[in-house]
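A.B. asks: One-letter residues, chain by chain:
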Amino acid sequence: MEEVDVEPSTTLIPGAGFYQKHLGFEWGPGDLIVYETNYKLQGPRSAGSPSVHIVRRDEDICSPILRKLFSESHLIFVGLQKIKEDVPSKNKKSQFVSISKNYRSVIRACMEELQQNAVSTQSGSLASQYGDQVSILLAIELIWNLCEVLFIDAAPAGSLLLQLLDWVRLHKSDVDAKAREVLQSDSPAQHQSYWDVVISLVLQGRTDEARQVLSKQASLRAESSSVFKRMDGLLQTMPIFNPTGTQTLTEFEVKWRHWHEECDRCLQDNTFASNRHLETICKILVGDEDTLLEQKELLSTWYHFLVTRLLFTHPTIKPPDLHYYAQSSMNMFLGPRASPEPLDIILLSAFEFDLHQVIKDCSIALNNWWFVAHLTDLLDHCKLLQSHNLHFGSNLREFLVLEYASGLFTHHSLWQLAVDYFDHCPEFGRVYLELQIERVPLDTERKAIKVLRICEDRQMSEQVRSICKIMAKRALRNNRLGSALSWTIRAKDAAFATLISERFLQDYSNKGSFTDLDLLDNLGPAMLLSDSLTFLGKYREFHRLYGEKRFSEAARLLLSLMTAKIAPRSLWMTLLTDALPLLEQKEVIFSVDQTYELMSCLEELNSGTKHSNLTDQDEDIESTKTELLRLALARNLTMAIVKEGTIET
Amino acid sequence: MFVAKSIAADHKDLIHDVSYDFHGRRMATCSSDQSVKVWDKGDDGEWHCTASWKTHSGSVWRVTWAHPEFGQVLASCSFDRTAAVWEEIVGESNDKQRGQSHWIKRTTLVDSRTSVTDVKFAPKHMGLMLTTCSADGVVRIYEAPDVMNLSQWSLQHEISCKLSCSCISWNPSSSRAHPPMIAVGSDDSNITYSGKVQIYEYNENTRKYAKAETLMTVTDPVHDITFAPNLGRSFHVLAIATKDVRIFKLIPMRRESANSSGPTKFEVQVMAQFDSHNSQVWRVSWNITSTLLASSGDDGCVRLWKANYMDNWKCTGILRGDGSPVNGSGHAAALSAVGVPVAAQMVVGAASAGRYFFPHLDSPRAGSRLAHLLPPPSLIEQIYEPDLSHAPQIRQRHTANSTNQPTEHD
Chain A
1 MEEVDVEPST TLIPGAGFYQ KHLGFEWGPG DLIVYETNYK LQGPRSAGSP SVHIVRRDED
61 ICSPILRKLF SESHLIFVGL QKIKEDVPSK NKKSQFVSIS KNYRSVIRAC MEELQQNAVS
121 TQSGSLASQY GDQVSILLAI ELIWNLCEVL FIDAAPAGSL LLQLLDWVRL HKSDVDAKAR
181 EVLQSDSPAQ HQSYWDVVIS LVLQGRTDEA RQVLSKQASL RAESSSVFKR MDGLLQTMPI
241 FNPTGTQTLT EFEVKWRHWH EECDRCLQDN TFASNRHLET ICKILVGDED TLLEQKELLS
301 TWYHFLVTRL LFTHPTIKPP DLHYYAQSSM NMFLGPRASP EPLDIILLSA FEFDLHQVIK
361 DCSIALNNWW FVAHLTDLLD HCKLLQSHNL HFGSNLREFL VLEYASGLFT HHSLWQLAVD
421 YFDHCPEFGR VYLELQIERV PLDTERKAIK VLRICEDRQM SEQVRSICKI MAKRALRNNR
481 LGSALSWTIR AKDAAFATLI SERFLQDYSN KGSFTDLDLL DNLGPAMLLS DSLTFLGKYR
541 EFHRLYGEKR FSEAARLLLS LMTAKIAPRS LWMTLLTDAL PLLEQKEVIF SVDQTYELMS
601 CLEELNSGTK HSNLTDQDED IESTKTELLR LALARNLTMA IVKEGTIET
Chain B
1 MFVAKSIAAD HKDLIHDVSY DFHGRRMATC SSDQSVKVWD KGDDGEWHCT ASWKTHSGSV
61 WRVTWAHPEF GQVLASCSFD RTAAVWEEIV GESNDKQRGQ SHWIKRTTLV DSRTSVTDVK
121 FAPKHMGLML TTCSADGVVR IYEAPDVMNL SQWSLQHEIS CKLSCSCISW NPSSSRAHPP
181 MIAVGSDDSN ITYSGKVQIY EYNENTRKYA KAETLMTVTD PVHDITFAPN LGRSFHVLAI
241 ATKDVRIFKL IPMRRESANS SGPTKFEVQV MAQFDSHNSQ VWRVSWNITS TLLASSGDDG
301 CVRLWKANYM DNWKCTGILR GDGSPVNGSG HAAALSAVGV PVAAQMVVGA ASAGRYFFPH
361 LDSPRAGSRL AHLLPPPSLI EQIYEPDLSH APQIRQRHTA NSTNQPTEHD
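As given, the protein sequences belong to chains A and B, one line each in that order.
Residue 205 in full-length UniProt numbering sits at position 205 of the first sequence, and the numbers go up by one each step.
Residue 234 in full-length UniProt numbering sits at position 234 of the second sequence, and the numbers go up by one each step.
By construction, these hints were calculated from the structure, which means they are not laboratory data.
This one's a predicted model, so the numbers in the text were calculated from it and none came from an experiment.
Check the hints yourself; a few may be wrong.
As the list claims (entries may be wrong) - Derived DSSO-like pairs (lysine-lysine); straight-line CA-CA distance at most 30 Å:
{"id": "1", "chain 1": "B", "residue 1": "Lys54", "chain 2": "A", "residue 2": "Lys21"}
{"id": "2", "chain 1": "A", "residue 1": "Lys492", "chain 2": "B", "residue 2": "Lys124"}
{"id": "3", "chain 1": "A", "residue 1": "Lys360", "chain 2": "A", "residue 2": "Lys68"}
{"id": "4", "chain 1": "B", "residue 1": "Lys41", "chain 2": "A", "residue 2": "Lys447"}
{"id": "5", "chain 1": "A", "residue 1": "Lys511", "chain 2": "A", "residue 2": "Lys538"}
From just these sequences and the hints, can you work out the full model?
C.D. replies: Here it is, written out as structure tokens:
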């Protein structure tokens, strides 16, 4: 396979390269930053202040109309990936053809919208931008349609030509406009385009329509009506292969040959000598190449010429023979001097059944991967890449789909479509998704949750952790402790949970109340993430029980926080102080045993190393607290002993 | 490709480095004017400078962002022989109103005795670690043990490379199969015979970095070096900017015995080599998924390289200055005008995008092809209308369409 080397395109950076010789750069998401610099650090220093230029790679992605193309084809793509499992292989072909048609109708819908916009817009530059996009889509649709006929539908001899005719008719529809113009004029037969229309219709094999237009003329010219009748007969009897009928290809060939001989006879007999137009039509009917080539204007493209030529010389053309006629038709039509253009070469490669070349040339000719990715994916599903001896078939498909999806990821909302494309790339899809998705800007909590869900669905645990960590860090920076804590819990980051719990307690000791009660009250098993968090949750629970006047439960919890060593030693004094009001209640809340335990906690605390850095004043407060606690504990012990020693009556 | 926007960076001297943050919403620039500027992308897509401050007492060579898991943290390195770590703090409310943010210096790393030529954060799975290399030939690895306290950094490792160092790159692979690995490039031109790229690998047992490989084939000065994302592969891909662009494949070889504690040995293969820059290449960098490599060289161009599905590498794009002085000889006001007519820029882009198709559609011979190709509104299913008498309805719609033919091309 020949490698066509295409000179890479050069993008000029305005105002760079004058003061300094080097261009620095930095990759961004979907763009590239360049700036003037000097790596050698010799020569004159910069005059003037440098600029930073943002170079964008793919502008199609920004077009709101093309966005529809992307989102609608995404649905078709996803549907196609599902076909694999649940359809017996027999019925697949018709499914593939209909999917191909769906893709094409999306292209056409998009083209029409672009055209309407091109006409309605006031801005000339915008109009030409739309126009450019239309002509790209036109070419894409033309190629796709041909690939559908040749590869996906793989029409056999007989049907092949009919489908090629449809292809030509669809893509050269100006005939219809002209026909209408002629027929609606006052005297159609006198119209200057009259014969152009008749011949164009004949060239497209639309004999019935040609006859109708011809009848306008015949009715005017009574004197030559027999000639017109003869032509009408020829056109009427021209055999058209019916692929759904019972007729065999051989039978059709015999019939066609008879008809062809009859046309030939008319030519020999000079039947149409009186009318040069009819003579031309007759020459077309016998497939006279010179006459066909004289109709260049009406044919307008070599592939129209090819199909017309086949129609009148080899209507039962077999797929393998196509390439010979394609090549020669192109040479005949374009002449020896003209060099074919990319579109011509792509179509020719298709006629040669060289799928790889088609895909390759399309990738080079188009800046956008949409077309090659979707077409290649479809062809791969049709198992066509293997049968055409491309051993790297699935790699090629994956390569193109990955390219397309990566492009989508640079867009602020289309990236969501890309996820499904990555999901259907078995080799590198997941790694690509991992790399791309963690770069999606987490502008809002909502967006973060959206990204997170995608990662969670795919068990991308590292990305899940990272996103939560980023969000937690950001929330903490902005002093939103509750949000920071809930993101940390999702990230399962124990160290960070400890840190935030400590901030909560710090906050509590400053303000005397907790924030984010909803979250703290509903931690559940999540509080086991770190010891500090467990304590925070339990401590808040104590406050809640206390608030609900469930004193004995509150007391039990408070005590257990210390005895089970959940509470950090530094907070024991706070906890004991919290016990004070419970000790002061009229009712006995702490039992004898519990009171002893509280006492031992207090003594344990006091026997520990004293803080040497405490001021005298602080130390005074501490010792006062201790005294108060001892007093309260002793009083409570008395009451508890009395209560427990009393036999209830 | 097209220039979508030009921003007057307003540095008083050469820009040496521009760095995007992880999500591409912020950008940091550094310059010979000893300052660093931070730019934020607004909701309108415009870039606004939100901070600008003097960072060093010499040219600032490189600036780089820490992973956002560690907060908003920058590191810079300079000719003044130091590297510094900066953290953004949530500022006063009137700062926010003015669209300004506060960056404070968390630490200055003063261990180098010569210019610090590169600074890089290690991959995030290793924790918050910062690496510098300097002209005295030492790579230093620092760690912030407490990610909440960025003023404490401890020098964990000093690797002596024996050659003046110009650039470093961490292997981004987080696979357990790959121990932490760092590649160091040298632009030492005094020693011509030795390999200028060294690869060091962390050894769990000795808790030290040990040299795993020297790329002996690279003997010319190396200016930049960068690992590609691993993509789950067993081998590593390393791009190098030297007198040309080179891409190496490093394939870890199987250890001779399971308990051998020596560093991994690699089979080194050259995947690609491009000399289109004609002379020195100064920077190389991969895009996110390493499908594209960009390089900048003495020819004044940035070139983009791409491998196809058969691993054939090709240049797919060139960026080049147009060599024109900017109007008004470089005043910020005049410069910002460069980037304005966005619509016009878009058109330039669109034209270049379709450059393989449009000329043909417009050429005299096929001049009318565009019109011929115009689709009928009746979609695919309604292609064939055998009876003319049924046609008018469809034709009607046709005409409506054909008046819409974009004639702007002619």
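A.B. asks: Determine for every hint whether it applies to the structure shown.
C.D. replies: Hint-by-hint comparison with the structure:
Using a Cα cut-off of 30 Å, the hinted pair lysine 54(B) and lysine 21(A) holds, with the two alpha carbons roughly 26 Å apart. Straight-line distance between C-alpha atoms of lysine 492(A) and lysine 124(B) comes to about 16 Å, which keeps the hinted pair within the 30 Å bound. Taking the CA atoms of lysine 360(A) and lysine 68(A), the gap is near 25 Å; set against the 30 Å cutoff, the hint holds. Distance check on the hinted pair: lysine 41(B) and lysine 447(A) sit about 17 Å apart at the alpha-carbon level, within 30 Å; holds.
The hinted pair formed by lysine 511(A) and lysine 538(A) meets the criterion: a straight-line CA distance of about 19 Å does not exceed 30 Å.
Of the numbered hints listed earlier, not one is contradicted by the structure.
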